[in-house]
Amino acid sequence: SQQGEEDPQALSIQEGENATMNCSYKTSINNLQWYRQNSGRGLVHLILIRSNEREKHSGRLRVTLDTSKKSSSLLITASRAADTASYFCATDAEPRGFSGGYNKLIFGAGTRLAVHP
Amino acid sequence: DVKVTQSSRYLVKRTGEKVFLECVQDMDHENMFWYRQDPGLGLRLIYFSYDVKMKEKGDIPEGYSVSREKKERFSLILESASTNQTSMYLCASSILTVSSYEQYFGPGTRLTVT
Numbered sequence: 001s002q003q004g005e006e007d008p009q010a011l012s013i014q015e016g017e018n019a020t021m022n023c024s025y026k027t028s029i030n031n032l033q034w035y036r037q038n039s040g041r042g043l044v045h046l047i048l049i050r051s052n053e054r055e056k057h058s059g060r061l062r063v064t065l066d067t068s069k070k071s072s073s074l075l076i077t078a079s080r081a082a083d084t085a086s087y088f089c090a091t092d093a094e095p096r097g098f099s100g101g102y103n104k105l106i107f108g109a110g111t112r113l114a115v116h117p
Numbered sequence: 001d002v003k004v005t006q007s008s009r010y011l012v013k014r015t016g017e018k019v020f021l022e023c024v025q026d027m028d029h030e031n032m033f034w035y036r037q038d039p040g041l042g043l044r045l046i047y048f049s050y051d052v053k054m055k056e057k058g059d060i061p062e063g064y065s066v067s068r069e070k071k072e073r074f075s076l077i078l079e080s081a082s083t084n085q086t087s088m089y090l091c092a093s094s095i096l097t098v099s100s101y102e103q104y105f106g107p108g109t110r111l112t113v114t
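These protein sequences, in sequence, are chains A and B. Following our numbering, the numbering of the first sequence begins with 1 at its first residue and continues without gaps. Following our numbering, the numbering of the second sequence begins with 1 at its first residue and continues without gaps.
No lab work stands behind these hints: they were computed from the structure. Each hint should be verified, as a subset may be incorrect.
Said to hold, decoys possible - With a straight-line Cα cutoff of 25 Å, these simulated DMTMM-like cross-link-like pairs (lysine to aspartate or glutamate) come out:
1. B:K3 - B:E69
2. B:K57 - B:D26
3. B:K3 - A:D66
4. B:K13 - B:D28
5. B:K3 - B:D26
6. B:K70 - B:E22
7. A:K26 - B:E79
8. A:K70 - B:D59
9. A:K26 - B:D28
10. B:K18 - B:E56
11. A:K56 - A:E15
12. A:K26 - A:D66
13. B:K3 - B:E62
14. B:K57 - A:E5
15. A:K56 - A:D83
16. B:K71 - B:E30
17. A:K26 - B:D59
18. B:K71 - B:D28
Stated by the list, open to error - Label pairs and their computed distance ranges (CB to CB):
19. B:T97 - A:S24: 24 to 30 Å
20. A:G16 - B:E17: 45 to 51 Å
21. B:I60 - A:K69: 15 to 21 Å
22. B:P107 - A:A114: 17 to 23 Å
23. A:T64 - B:S8: 37 to 43 Å
24. B:K71 - A:Q14: 44 to 50 Å
25. A:V44 - B:S67: 25 to 31 Å
Claimed, not checked - A few chain B residues facing chain A, derived, Cβ under 10 Å:
26. V12
27. P39
28. G40
29. L43
30. V52
31. E62
32. Y64
33. Q85
34. M88
35. L90
36. S94
37. L96
Backbone N, C-alpha and C fix where the C-beta goes; we use that ideal spot for every residue, glycine too.
This is chain B alone, in the form it adopts within the complex (with noise of 0.2 Å):
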């Protein structure tokens, strides 16, 4: 099975406050992908990498950052977080191909900014 695993099922951090997500996945996906998830929103993504050190930005990438410094590991940073950046966060992977395949998911953090 493959497993999608993020560091903190629940945040809470601070207005100002430099916060990293971590995720890892097990089964040498290449694409990893970060997204948000509002009520009324759907998921949005925030930004993608298909290969280590390669990353691009998806629909709403101001305020974060990401790192991939290694296939198994993507992680999304908050430079400096604020209140509107309190949301629900999923990770997810998949294998690089050509046509659309399955995402597998993390079971996500929920991060609270006050």
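Only chain A is shown next, with the shape it has when bound in the complex (with noise of 0.2 Å):
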């Protein structure tokens, strides 16, 4: 099952914009994290944001969580061509006080971001 879908499916912009990302989730979290995949790559991890948290960054990234809304947006700043990649955000799969432990996540279908130089 889906839990965090990610808005919009795909984005062009020229270097120096501002991108912007949003996921929505469905159900209660811990935590929620973002991800970058080059094409045809593996995913790299981009930052945790906890459930108590409501802002973080992380140089030119800045994520966002609305917990009300059940929602979170990824802002990269003053993009450049190398962050032309699909970005995913992922939800951990267990429910609130789970102790299992396995660190499942489920993640979204993901924004391809396309930055032209």
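Both chains are given apart, each in its own frame, so use the hints to dock them into the complex.
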């Protein structure tokens, strides 16, 4: 089952512009993560935001989390051609309080970002 | 740096063949995962393992089996490959933790079944 759903499915911008991607999910979560995937490669972890956090920064990345709306956004500022990739949100698959520790994640279908020079 | 390696980047197999996909991680992680990725569907969990010889079904285990004989190695087996198993297969690993943590991914194996 798909927990996170990214929006938009595809985004095309010019270098220097900001890119915003959104993620909505259905059930309560402990954490939400964002990953990047360059074409035909594995995923790389970008940032993790916990359910008690509202905003987190990492370099040019800014992630917000609104648990009341069950949504998150990823903002990439001053985008570069090298940011061209697919971006996925992932939420933990286990309900709050589960202590199995399996770290199962549920991924959305992703947003394809193209940054043009 | 965590390294997760997968045995092949590209693989072409015939229908009915038995296919082995190997994944090795070098960070002593307890958890290992196999996903398949298809356009528009994102990543779907096939199987995961939290310890040697332990395995749990994910969301789409049908047609697949796994083996974890050593902590660092997690194998995905397609007993009799079919064309609908043509996909990108991604392996990942992570520590065993009470709350979700990042997963480290291998480069992926693009499998084509003809």
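Now the hints, each set against the structure:
With a C-alpha separation of about 19 Å, the suggested pair B:K3 and B:E69 falls inside the 25 Å cut-off, and the hint holds. This hinted pair checks out: B:K57 and B:D26 have alpha carbons roughly 24 Å apart, not beyond 25 Å. For a cut-off of 25 Å, the pair hint linking B:K3 to A:D66 is broken: about 33 Å separates their Cα positions. The hinted pair formed by B:K13 and B:D28 fails the criterion: a straight-line CA distance of about 31 Å is larger than 25 Å.
Annotation: proposed proximity of B:K3 to B:D26 holds, straight-line Cα distance about 6 Å (limit 25 Å). With a C-alpha separation of about 12 Å, the suggested pairing of B:K70 with B:E22 holds against the 25 Å cut-off. Restraint check for A:K26 and B:E79: not satisfied, since their Cα atoms lie roughly 35 Å apart, outside the 25 Å limit. Under the criterion of a C-alpha separation no larger than 25 Å, the hint pairing A:K70 with B:D59 is consistent with the structure, at around 23 Å.
For the hint linking A:K26 to B:D28, the alpha-carbon distance of about 33 Å lies beyond 25 Å, and the restraint is violated. Between B:K18 and B:E56, the direct Cα distance comes to roughly 21 Å. Compliance with the 25 Å bound is thereby established for this hinted pair. With a C-alpha separation of about 23 Å, the suggested pairing of A:K56 with A:E15 holds against the 25 Å cut-off. Pair hint A:K26 plus A:D66 holds up; C-alpha atoms about 12 Å apart against a cutoff of 25 Å.
For the given pair, B:K3 sits about 28 Å from B:E62 by alpha-carbon distance, which is inconsistent with the 25 Å threshold. Restraint check for B:K57 and A:E5: satisfied, since their Cα atoms lie roughly 23 Å apart, inside the 25 Å limit. For the hint linking A:K56 to A:D83, the alpha-carbon distance of about 19 Å falls within 25 Å, and the restraint holds. For the suggested pair B:K71 and B:E30, the alpha carbons sit about 7 Å apart, so the restraint of at most 25 Å is met.
At most 25 Å may separate the alpha-carbon atoms for a hinted pair to count; A:K26 and B:D59 meet this at roughly 17 Å. Between B:K71 and B:D28 the alpha-carbon distance is near 7 Å, which keeps this suggested pair within the 25 Å criterion. Our hint of 24 to 30 Å for B:T97 and A:S24 holds, since their Cβ atoms are close to 25 Å apart. Between A:G16 and B:E17 the Cβ separation comes to about 49 Å, which falls inside the hinted range of 45 to 51 Å.
Against the hinted window of 15 to 21 Å, the Cβ-Cβ separation of B:I60 and A:K69 comes to about 29 Å, which falls outside the hint. One distance hint, 17 to 23 Å for the beta-carbon pair B:P107 and A:A114, holds here, with the actual separation near 22 Å. Between A:T64 and B:S8 the CB atoms are about 39 Å apart, so this pair conforms to the stated range of 37 to 43 Å. Separation of B:K71 from A:Q14 is about 47 Å and conforms to the stated range, judged on CB atoms against 44 to 50 Å.
For A:V44 paired with B:S67, a C-beta distance near 27 Å keeps the hint of 25 to 31 Å intact. A cut of 10 Å between beta carbons decides the hint on B:V12: the least distance to chain A is about 16 Å, and the hint is violated. With 10 Å as the threshold, the beta carbon of B:P39 comes within range of chain A, its nearest partner Cβ sitting at about 9 Å, so the hint holds. At about 6 Å, the closest approach between the beta carbon of B:G40 and any beta carbon in chain A falls short of 10 Å, and the interface hint on this residue holds.
Annotation: B:L43 was flagged as interfacial toward chain A, and the flag holds, the nearest CB pair being 4 Å apart, inside 10 Å. Hint status for B:V52: violated, given a least beta-carbon distance of 15 Å to chain A, over 10 Å. Annotation: B:E62 was flagged as interfacial toward chain A, and the flag is violated, the nearest CB pair being 16 Å apart, outside 10 Å. Here the hint on B:Y64 is broken, as its CB sits about 16 Å from the closest CB of chain A, past 10 Å.
Interface restraint check: B:Q85 against chain A, minimum CB-CB distance 18 Å, threshold 10 Å, status violated. Restraint check, B:M88 versus chain A: the minimum CB separation of about 8 Å is within 10 Å; hint holds. The interface hint given for B:L90 holds, since its Cβ lies 6 Å from the closest Cβ of chain A, which is under the 10 Å cut-off. Because the closest C-beta pair between B:S94 and chain A is about 5 Å apart, less than 10 Å, the hint holds.
For B:L96, the suggested interface contact is upheld, since its CB lies about 5 Å from the closest CB of chain A, less than 10 Å.
Violated hints for the displayed structure, listed by number in ascending order: 3, 4, 7, 9, 13, 21, 26, 30, 31, 32, 33.
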